[in-house]
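Chemist: For chain A, the structure is supplied; the task is to place chain B on it using the hints.
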Amino acid sequence: DAGVIQSPRHEVTEMGQEVTLRCKPISGHNSLFWYRQTMMRGLELLIYFNNNVPIDDSGMPEDRFSAKMPNASFSTLKIQPSEPRDSAVYFCASSPPGTFTYNEQFFGPGTRLTVL
Amino acid sequence: EDQVTQSPEALRLQEGESSSLNCSYTVSGLRGLFWYRQDPGKGPEFLFTLYSAGEEKEKERLKATLTKKESFLHITAPKPEDSATYLCAVGGFQKLVFGTGTRLLVSP
Numbered sequence: 001d002a003g004v005i006q007s008p009r010h011e012v013t014e015m016g017q018e019v020t021l022r023c024k025p026i027s028g029h030n031s032l033f034w035y036r037q038t039m040m041r042g043l044e045l046l047i048y049f050n051n052n053v054p055i056d057d058s059g060m061p062e063d064r065f066s067a068k069m070p071n072a073s074f075s076t077l078k079i080q081p082s083e084p085r086d087s088a089v090y091f092c093a094s095s096p097p098g099t100f101t102y103n104e105q106f107f108g109p110g111t112r113l114t115v116l
Numbered sequence: 001e002d003q004v005t006q007s008p009e010a011l012r013l014q015e016g017e018s019s020s021l022n023c024s025y026t027v028s029g030l031r032g033l034f035w036y037r038q039d040p041g042k043g044p045e046f047l048f049t050l051y052s053a054g055e056e057k058e059k060e061r062l063k064a065t066l067t068k069k070e071s072f073l074h075i076t077a078p079k080p081e082d083s084a085t086y087l088c089a090v091g092g093f094q095k096l097v098f099g100t101g102t103r104l105l106v107s108p
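Those sequence lines, one after another, are chains A and B.
In terms of my numbering, the first sequence has 38 at position 38, counting the first letter as 1, and numbering is strictly consecutive.
In terms of my numbering, the second sequence has 29 at position 29, counting the first letter as 1, and numbering is strictly consecutive.
Here chain A stands alone, though its shape is the one from the complex (with noise of 0.2 Å):
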């Protein structure tokens, strides 16, 4: 199993540039989460997708952040205009079927984002 998989693994960016974030799900997982990182603030949930639905995005941080899963295989999380303060770490995670606060989550490799 090749567990969640996510790209790119490090994004350097100018402020004001689109920022996409890539993430495939663990097969056979139907929810699917997007957390971001900072020191400061600990794992952040952003936003979180089952059967393909957003359920919640009530933490995206504001309009600029939006989210996407076309397929069960695929999601996307794009910033746009990028700013210096979402400097983080990105992470993508999955889960299994099932209410997903009974469940664990598996996390991939994160992707960290730097903008200048």
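What the hints contain is simulated information worked out from the structure, not anything from laboratory work.
Treat the hints with caution; some may be incorrect.
Covered, in the sense of this in silico footprint (three residues per stretch, anywhere, with C-beta under 8 Å from a C-beta of chain B), are these stretches of chain A [claimed, not checked]:
1) 40-48
2) 105-116
Calculated lysine-lysine pairs in the DSBU-like style (CA-CA distance at most 35 Å, straight line) [what the hints assert, rightly or not]:
3) LYS57/B / LYS24/A
4) LYS42/B / LYS68/A
5) LYS78/A / LYS95/B
6) LYS59/B / LYS24/A
7) LYS24/A / LYS63/B
8) LYS68/A / LYS95/B
9) LYS42/B / LYS78/A
10) LYS42/B / LYS95/B
11) LYS24/A / LYS95/B
If the Cβ cut is set under 8 Å, some of the chain B residues that face chain A in the computed set are [unchecked claim]:
12) PHE34
13) LYS42
14) PRO44
15) LEU87
16) LEU96
17) GLY99
18) THR100
19) GLY101
Using N, Cα and C, we set each Cβ at its ideal position, and we do this for glycine too.
Modeler: Below, chain B alone, put in the same frame as chain A:
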């Protein structure tokens, strides 16, 4: 609002020196309490799920316990390879909320 507080923020132990990490929480309707381990540059790795007060789970040198207000992660005779950040998370009705973690360093 669901909240998780972990203590201490950092802990340094000598190899073989047992200790405990604390996770205090407030949640409206606990569905599960989770412990994760995170190594530098990697995503969190699942360790345990606890569902109700009094429940305990063990894995090698780690033992997790749960009460109505907190959870402990006991580390018995730790080894240097146990060095990592340990994250606690609580699942309520809607979300999984993570604490900021305890950074554990075990010296040989």
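Chemist: Evaluate each hint against the coordinates.
Modeler: Results for each hint:
no. : hint              : result
1   : 40-48             : holds (count 5)
2   : 105-116           : holds (count 6)
3   : LYS57/B / LYS24/A : 31 Å, holds
4   : LYS42/B / LYS68/A : 24 Å, holds
5   : LYS78/A / LYS95/B : 22 Å, holds
6   : LYS59/B / LYS24/A : 29 Å, holds
7   : LYS24/A / LYS63/B : 32 Å, holds
8   : LYS68/A / LYS95/B : 19 Å, holds
9   : LYS42/B / LYS78/A : 21 Å, holds
10  : LYS42/B / LYS95/B : 22 Å, holds
11  : LYS24/A / LYS95/B : 22 Å, holds
12  : PHE34             : 6 Å, holds
13  : LYS42             : 6 Å, holds
14  : PRO44             : 5 Å, holds
15  : LEU87             : 7 Å, holds
16  : LEU96             : 6 Å, holds
17  : GLY99             : 7 Å, holds
18  : THR100            : 4 Å, holds
19  : GLY101            : 7 Å, holds
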